[in-house]
Amino acid sequence: MATHPEIPEVSDEKLVRRAQRGNMPAFEELVARHRDKIYARAFSMMRNEEDATDLSQEAWVKGWQRLKQFHGDSSFVTWMTRIVINLCLDQLRKHKRQRAESIEHLEEDLGGVERQMPTVTVNPTEGLERTELRARIDKALGQLSHEHRTVLILHEFEDLEYKEIAKRMQCSIGTVMSRLFYARRKMANLMASWKREQQS
Amino acid sequence: MLKLQAWVDGELSKPEAARLAELVRSDKEAAALAAELTMTRGFLAGNEPEFKLPETREFYWNKIQRGIERAGADAPGRQDLPWLIALRRFLVPASGFALVAFLTVFSIGVFNRNPGAGPSTADGHYRPLVEEQTLSEHVDTISYRPRSENMFVVYIVNKDDAADDDDNDAEEMDDAVTQ
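Line order of the protein sequences matches chains A and B. Reminder that position 190 of the first sequence reads as 189 in numbering that gives the first Met the number 0, one-by-one numbering, no gaps. Reminder that position 130 of the second sequence reads as 129 in numbering that gives the first Met the number 0, one-by-one numbering, no gaps.
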């Protein structure tokens with residue numbers, strides 16, 4: 000794979016324009032620049048290296064096929080992130096149809112569990128180094144169901160509004176609100192319990 | 000509680016937000032819950048876990064390149080010229096109309112040869128014209144003349160539209176991608 004020596008100096012916008020004209024090395028450079036971010040979004044949703052790698056690669060193939068539809072209304076990486084999110088959501092829907100729902104998940108979906116959780120009054124992340132904080136957030140995210148984790152990711156990390164999340168997840172706004180509420184309360188309680196463990 | 004969360008997220012209308020703000024001021028439980036939700040938002044913001052792709056640039060790219068080649072999308076820049084699209088838009092219905100005109104003229108000729116008795120072969124035997132299908136690249140035309148009715152029916156199907164409909168169904172989810 001030969002990379003043009005000038006390419007690393009070129010902006011994303013110029014690379015996109017070149018790629019839209021069929022310039023494959025320009026597209027390859029875009030992949031190299033943003034592959035970690037696209038992979039990270041897929042991994043955060045799928046929690047599985049193999050799925051995340053496959054889906055992120057599929058997203059890049061789709062990105063190439065649809066480059067004509069990209070008009071620069073958002074950044075290129077945001078546009079690509081939306082593509083990989085949609086692919087992950089499709090995949091999660093397929094998984095959901097295949098797996099039997101656990102009683103715990105059913106309770107979470109129906110609501111009520113989060114109401115019994117104690118309110119966390121002291122910030123459980125106080126005094127944590129950023130690396131440690133991120134590691135705990137990752138661990139807590141790993142304990143949520145796909146549905147709760149996805150809503151949380153789309154709202155907190157992708158800054159999507161309830162309505163947009165509902166559209167993407169093909170559910171009602173009420174379901175989004177309820178899942179987000181549960182996910183946040185669970186995150187706060189998990190972080191608080193780990194803080195208590197650390198102190199004792 | 001969900002409204003309280005919507006208030007924290009700034010998703011409420013002004014009057015509702017004012018009502019919730021009042022509730023938080025007057026209700027300790029609501030205030031504690033709002034504080035917890037705000038805190039959770041706070042520690043998540045800017046602290047998304049980072050993950051590195053566990054593959055080399057070359058290995059990762061090779062699979063993408065193969066995927067692009069398999070999908071037959073060698074160049075996103077390859078697109079029909081605008082004048083060609085306009086010409087095709089004109090030609091498809093025009094060819095359909097031409098086909099109808101031809102079939103109409105043809106059928107009139109057939110009827111006139113032996114009016115009232117329906118089409119017949121050269122040896123004078125009766126041969127009912129029931130159905131005729133014409134295949135073209137863009138248009139399917141099916142015509143028939145019911146023996147009992149004094150009429151001639153032609154169906155025209157635009158193959159391009161039919162193909163587009165199929166594509167649209169398949170791409171429905173993907174079209175949700177917004178910028």
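Treat the hints as calculated values from the structure; they're not laboratory data. Keep in mind that the hints are not guaranteed to be accurate.
Dumping the calculated BS3-like pairs for lysine-lysine here, alpha-carbon to alpha-carbon at most 30 Å [stated by the list, open to error]: (1) B:Lys62 - A:Lys93; (2) B:Lys13 - A:Lys95; (3) A:Lys194 - B:Lys27; (4) A:Lys138 - A:Lys95; (5) A:Lys36 - B:Lys13; (6) A:Lys194 - B:Lys62; (7) A:Lys166 - B:Lys27; (8) B:Lys51 - A:Lys13; (9) B:Lys51 - A:Lys67.
All values derive from a computational prediction rather than experimental measurement.
For each hint, the structure was consulted:
no., hint, verdict
1, B:Lys62 - A:Lys93, "holds (23 Å)"
2, B:Lys13 - A:Lys95, "violated (38 Å)"
3, A:Lys194 - B:Lys27, "holds (24 Å)"
4, A:Lys138 - A:Lys95, "holds (22 Å)"
5, A:Lys36 - B:Lys13, "violated (36 Å)"
6, A:Lys194 - B:Lys62, "violated (43 Å)"
7, A:Lys166 - B:Lys27, "violated (35 Å)"
8, B:Lys51 - A:Lys13, "holds (26 Å)"
9, B:Lys51 - A:Lys67, "holds (29 Å)"
In summary, the numbered hints that this structure violates are 2, 5, 6, 7.
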